[in-house]
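Combine both chains into one complex, guided by the hints.
What follows is each chain in one-letter form.
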Amino acid sequence: MGLFLRTVRLNKWHPYPPEECNWLPKGELHADPLADLATTRGALSIWRIEDGETDERRVIAALASRRDSLQSIDYIVFGSDILKRLNIQVERSEGQSADNEINKSWHCDMIQLSAWKLVEFAETVVIHENVIPKRITKGRLKEFIQDAVSAKQVDPGEMKTGIRDKLDI
Amino acid sequence: MGAQKIEVDYGMDIRSNACTKVSASFLSSKGVTERSFGGVATSNTVVSGYEEVLGEIPVKFACNQLFRGQKFSGGEVEYAANHFRKNAEQAVGLDTNITDVFTPEFRQWLGNFSRYSDDWCLTLPMSSLGEDITVRQTKSPQTIRPMIERIFAAGSAEVFEDGMESEFSRALTSAIKEHGNIAIKVIGDLILSEKVDPEVASEALRWIGDMEHPTTYAGRSELLQRSLFCKSSWVRDGASIGLACLGNPGAIPHLKEAIGREPYELLRRNMELTRQDLLERDR
Chain A
65 MGLFLRTVRL
75 NKWHPYPPEE
85 CNWLPKGELH
95 ADPLADLATT
105 RGALSIWRIE
115 DGETDERRVI
125 AALASRRDSL
135 QSIDYIVFGS
145 DILKRLNIQV
155 ERSEGQSADN
165 EINKSWHCDM
175 IQLSAWKLVE
185 FAETVVIHEN
195 VIPKRITKGR
205 LKEFIQDAVS
215 AKQVDPGEMK
225 TGIRDKLDI
Chain B
29 MGAQKIEVDY
39 GMDIRSNACT
49 KVSASFLSSK
59 GVTERSFGGV
69 ATSNTVVSGY
79 EEVLGEIPVK
89 FACNQLFRGQ
99 KFSGGEVEYA
109 ANHFRKNAEQ
119 AVGLDTNITD
129 VFTPEFRQWL
139 GNFSRYSDDW
149 CLTLPMSSLG
159 EDITVRQTKS
169 PQTIRPMIER
179 IFAAGSAEVF
189 EDGMESEFSR
199 ALTSAIKEHG
209 NIAIKVIGDL
219 ILSEKVDPEV
229 ASEALRWIGD
239 MEHPTTYAGR
249 SELLQRSLFC
259 KSSWVRDGAS
269 IGLACLGNPG
279 AIPHLKEAIG
289 REPYELLRRN
299 MELTRQDLLE
309 RDR
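Residue numbers (our numbering), protein chains in the order written: chain A, 65 to 233; chain B, 29 to 311.
Just to be clear, a hint being listed does not mean it is correct.
Stated by the list, open to error - Simulated DEER-style distance windows between Cβ atoms:
| # | chain 1 | residue 1 | chain 2 | residue 2 | range |
| --- | --- | --- | --- | --- | --- |
| 1 | A | E117 | B | R296 | 15 to 25 Å |
| 2 | B | E206 | A | Q153 | 48 to 58 Å |
| 3 | B | R289 | A | A99 | 41 to 51 Å |
Simulated from the structure, these hints should not be mistaken for laboratory data. Here a beta-carbon is modelled for each residue, glycine too, at the ideal position from N, C-alpha and C.
Next up, chain B with everything else stripped away, as it sits in the complex (with noise of 0.2 Å):
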């Protein structure tokens, strides 16, 4: 194989024990190599993970292990990246059992994610295998929230147009691409609590919308539905837009409701036109 030592880096949500990002770096015949070879996002229901590599055969093999628990063969190993990317694509509404997709082993790990701190690390020799594999947790969301803090924060200074990209833009979604689910999390907890500028709020959504990240998929979809009910009308109009560019109809349902409840009469037209948006999509 030539791959003597993986570590993998998993980015962990405690409070929601969702796992958001994961990261391996190998050690090969030609020195050690890193790679971001997928995602993965759990929750009770909802599996999601796509790879961004699937050139590297160590890389792949460390997903197979990982996920199927058994040792490389080029079947196994498609099947694993076919799956991860298919359910990447539907990760909004996928009701997989996470059962179905990892091995008992795979899954104590991850209960076990929840009740250790941030600089938790664990090796774990794969014997029978003759690997030894790394598995530490990364970010959390309180180590990451100052950041996004200051993200918000600078954002506030800059004027923003439709469609272009600003230095807030390229921060967030930079973050999010860097920290996954736990990004989406705190940006939620800021915009959802009101404790962020609306107008910053209401770009952040936009975006958040827009960009194209499959891991968070399911969790950015999930932030503007509830954006929907904001107080503020900026938020509701940037999370609009922001599914209007998600494109994704399970949305429908959410719009319907918030059109129902929205007092403010051109916000409700707006999110009517999302909602025809999305239905002509899911035509």
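Chain A on its own, in the form it takes in the complex (with noise of 0.2 Å):
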């Protein structure tokens, strides 16, 4: 089974605290991630990983290459097989992150989401699969991105300073 990662803000997401949502009906879907799901023409950006973690550390060090800022990076992690339940077809397309090679490879859409589709995937995701976001904070995000930087799979000339200045390079 295939993996996809999608970059998220970690508190949209479930589990909520239950103080803060004690209005929201037993097993409905909160709406705050769906904030998290912006899709043009009707894609949503996505990135398949095969190898879980080298992949995920790969990713993530360059879709943070290209922020204004080293900041944490929260995202999630799901099944192929969730896609393939839900019908929903998945197209290779450029990504617009800071590595190249994967920017080719690794990057897809979600295409011909309709709205009632992207909300069964989020139900899918959050609540049935229970997927739980994962974060990466400033010393990692460093890390990450020098280990990125020295296999050459990004360029620092290419960052921001908010970047490059932050890294020991």
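Set out below in structure tokens:
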């Protein structure tokens, strides 16, 4: 089973502190995760990863390298079986990260997404599969990016100063 | 020397009697030049400061006059500059008695500030040195609070993305750079009393931890530590991220306490990530 990765903002994802959402009927999806699933022309950007942690590291470094500042990064990883079950199609497309190699080969779009399909996807990920977002804090993020620079996966010359100035390179 | 007149502005926090910003304008043979030459924050035990401009002799001169109370000499100026830079780097936890740093006259001026209103301006002739030094208080928390409240209100309409600048983050960090610890005090009041949108407060805390500004390092660190115990999980999470960005190992005991009190499992786990991050950096 292949895996996919998408960055999110952790606070918007399950599980919420009970005292902050006691209004939410049990088993129903909170609306907040949908804010992290903004589509363009019915497509949602995701990254295909094969070799769990190593690939995760590479994608995270590539995405973080394009940011303004070296803060934490939150993301979810989910199985391709979810997309198959929901009959969501995936199409390869060009990514916008700092790593040109993975932009060409690892980036995909979930396509032909209706609003209902998107809600179904979020509901499956959050409620049925109980996918918990992961977080990489600044110290480890810096390590990831420095490794990516050493491996020539990302070019420090193309990074914003807010990132480049904080690296030991 | 070429500097006939020096005006020095201090941003003062009246309530805590903390001096937060120092800038000078001086009249040289080339006309009036304005430079922000340093910042110094004082509380009972912590002194921090830095110099933004070290290349201007009159500025060094002003710094030397005020902080050391001695006439210009290369060695003394270099000592003062290095002293303040070192303090800025070690602002938190630095146990420096202000009496080691300031002259009695300067301490007296600091004391006076707490008793005067915003527009107070005092000219102190330094006749023995042949200089006129104007010392005046700049902004107070009360005067900048409406501006900071507007920044937070406008932030509510924005959609934030991790690690990406926004109108809100730019306005907030500019206000901190402009008003120093007074701005931190106001922001702290708004966040800790939960008068602002928790998501915006969370975003603020990330950038407060991330920004480079030695003068406010101690104040920002304290605000982040206190925010770990706020009612909103958004705010607690923002504080945890901000502390990881700030990288101050002095926050480790506060994080440990917050983890022990954190009811929300996911947040507890993320606070632990921050704690591990800081422990790694402390090695």
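Against the structure, the hints come out as follows:
At about 23 Å, the beta-carbon gap between E117 of chain A and R296 of chain B stays in the expected band of 15 to 25 Å. Checking the proposed 48 to 58 Å range against E206 of chain B and Q153 of chain A shows it holds: the Cβ atoms sit about 51 Å from each other. Range check, R289 of chain B to A99 of chain A: Cβ separation about 29 Å, and the 41 to 51 Å hint is violated.
Violated hint: 3 only; the structure is consistent with all others.
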